[in-house]
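Take 98 as the starting number for the sequence shown in our numbering and just add one per residue.
Bear in mind the hints are in silico, worked out from the structure with no lab data behind them.
For clarity, every value in this text was computed on a predicted model and none was experimentally measured.
Each hint should be verified, as a subset may be incorrect.
Cβ pair distances, simulated, as ranges [what the hints assert, rightly or not]: (1) A286 to V328: 26 to 36 Å; (2) P345 to R316: 39 to 49 Å; (3) R292 to V328: 33 to 43 Å; (4) D314 to R368: 15 to 25 Å; (5) R368 to T304: 31 to 41 Å; (6) Q138 to T206: 17 to 27 Å; (7) A286 to T255: 19 to 29 Å; (8) D267 to R316: 15 to 25 Å.
With a straight-line Cα cutoff of 16 Å, these simulated EDC-like cross-link-like pairs (lysine to aspartate or glutamate) come out [what the hints assert, rightly or not]: (9) K118 to E139; (10) K161 to E190; (11) K161 to D189; (12) K325 to D267; (13) K325 to E336; (14) K161 to D102; (15) K325 to D276; (16) K325 to D338; (17) K161 to E149.
Note that beta-carbon positions come from the ideal geometry of N, C-alpha and C, so glycine has one too.
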Amino acid sequence: MGRMDRQQLADFLRTRRAALKPEGVGLPSGSRRRTPGLRRQEVAQLAGISVEYYIRLEQARGPKPSRQVLGALARALVLDHDERAHLFHLVDELPESECAGSVGEAPPTIRNLLAGLDDFPAYVIDACYDMIAWNAMAERLMGYLSGLAPEQRNILRTNFQGDAAPRLADPATRRFLADSVADLRASLARNPGDRRLKGLVDELLRTSPEFGELWADHRVTPRRATTKRVVHPEVGPLEFDCQVLDVPGTGMRLVMYVPQPDSATAAAFRRLAPVTSETPAPAA
Numbered sequence: 098m099g100r101m102d103r104q105q106l107a108d109f110l111r112t113r114r115a116a117l118k119p120e121g122v123g124l125p126s127g128s129r130r131r132t133p134g135l136r137r138q139e140v141a142q143l144a145g146i147s148v149e150y151y152i153r154l155e156q157a158r159g160p161k162p163s164r165q166v167l168g169a170l171a172r173a174l175v176l177d178h179d180e181r182a183h184l185f186h187l188v189d190e191l192p193e194s195e196c197a198g199s200v201g202e203a204p205p206t207i208r209n210l211l212a213g214l215d216d217f218p219a220y221v222i223d224a225c226y227d228m229i230a231w232n233a234m235a236e237r238l239m240g241y242l243s244g245l246a247p248e249q250r251n252i253l254r255t256n257f258q259g260d261a262a263p264r265l266a267d268p269a270t271r272r273f274l275a276d277s278v279a280d281l282r283a284s285l286a287r288n289p290g291d292r293r294l295k296g297l298v299d300e301l302l303r304t305s306p307e308f309g310e311l312w313a314d315h316r317v318t319p320r321r322a323t324t325k326r327v328v329h330p331e332v333g334p335l336e337f338d339c340q341v342l343d344v345p346g347t348g349m350r351l352v353m354y355v356p357q358p359d360s361a362t363a364a365a366f367r368r369l370a371p372v373t374s375e376t377p378a379p380a381a
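Working from the sequences, and respecting the hints, build out all of it.
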């Protein structure tokens with residue numbers, strides 16, 4: 098690999114900062130702004146780094162940022178997938194998805210969106226299938242997620258832990274898990290250096306023969322919208338479209354359970370709604 102290009106990094110950060118509108122990242126626009134885009138201190142605040150450090154980066158005299166700082170800057174500047182990869186390349190690092198390292202946090206705009214979705218369950222997952230944010234309807238439908246330990250909110254661990262054979266005997270569940278494993282393989286193919294993705298795959302291969310069976314199929318299929326049918330212990334059978342939307346520049350996805358209007362599932366969701374809280378549960 099080459100060397101860190103400080104001048105290109107400085108230019109890239111300045112242009113991306115100037116291209117952002119304050120209201121686009123949840124900040125007030127105000128009327129006293131003399132320059133377009135965000136202020137340096139605002140980017141530093143959004144990224145959780147010191148203003149002095151960020152100024153040095155824009156002046157092409159800062160030290161090489163860590164991978165954690167690069168990820169934070171990518172989120173603060175709302176970089177898309179290609180821009181994020183470019184940011185990593187500028188400092189002589191291989192890009193990884195947001196799944197690398199510790200579990201991330203959903204961007205503020207996505208958390209605000211979750212809070213405003215009252216009619217159906219919605220949640221955010223990362224490439225490792227960790228659920229990192231959700232709305233009140235998802236909390237109610239899925240059994241009070243906020244009371245679970247972080248490892249219990251990983252969709253793949255939950256489904257493959259212990260004896261997964263009975264779950265896989267249900268055709269709909271097997272199809273969902275097979276698609277999830279194929280999606281996981283696709284994520285790992287896009288991010289071969291991702292330590293958390295690789296660690297999750299190794300863990301599940303060690304602990305779950307059922308996961309190993311599906312992994313051996315070598316299917317590579319990114320997650321797409323599908324129809325799900327489940328039986329809820331309180332409101333009975335449910336059928337809804339599972340919509341999956343990428344959150345640009347984060348490696349995260351917003352998953353929404355959307356019923357047909359005036360359907361039995363829509364009515365069941367309304368029965369669940371009165372006992373939900375108004376604020377989405379925080380990420381662990």
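Hint-by-hint comparison with the structure:
Against the hinted window of 26 to 36 Å, the Cβ-Cβ separation of A286 and V328 comes to about 34 Å, which satisfies the hint. Evaluation of the 39 to 49 Å hint for P345 and R316 yields a failure: the beta carbon distance comes to about 26 Å. Checked against the hint of 33 to 43 Å, the pair R292 and V328 passes, with Cβ atoms roughly 37 Å apart. D314 and R368 have their C-beta atoms about 39 Å apart, which leaves the hinted 15 to 25 Å range violated.
Between R368 and T304 the CB atoms are about 37 Å apart, so this pair conforms to the stated range of 31 to 41 Å. Distance hint check for Q138 and T206: the Cβ-Cβ separation is about 20 Å, which falls inside the suggested range of 17 to 27 Å. The given range of 19 to 29 Å is respected by A286 and T255, whose C-beta atoms sit roughly 24 Å from each other. The hinted window of 15 to 25 Å between D267 and R316 holds, with their beta carbons roughly 19 Å apart.
The suggested pairing of K118 with E139 holds, with an alpha-carbon distance near 11 Å, which does not exceed 16 Å. Among the hinted pairs, K161 with E190 is consistent with the structure: their alpha-carbon atoms are about 10 Å apart, no more than 16 Å. As the CA atoms of K161 and D189 are separated by approximately 9 Å, the hinted pair is consistent with the 16 Å bound. As the CA atoms of K325 and D267 are separated by approximately 13 Å, the hinted pair is consistent with the 16 Å bound.
The hinted pair formed by K325 and E336 meets the criterion: a straight-line CA distance of about 6 Å does not exceed 16 Å. About 10 Å separates the Cα atoms of K161 and D102, which keeps this hinted pair within 16 Å; it holds. Distance hint between K325 and D276 is fulfilled; the C-alpha atoms sit about 13 Å from each other, no more than 16 Å. Restraint check: the Cα-Cα separation between K325 and D338 comes to about 6 Å, which is no more than 16 Å; the hinted pair holds.
Between K161 and E149, the direct Cα distance comes to roughly 14 Å. Compliance with the 16 Å bound is thereby established for this hinted pair.
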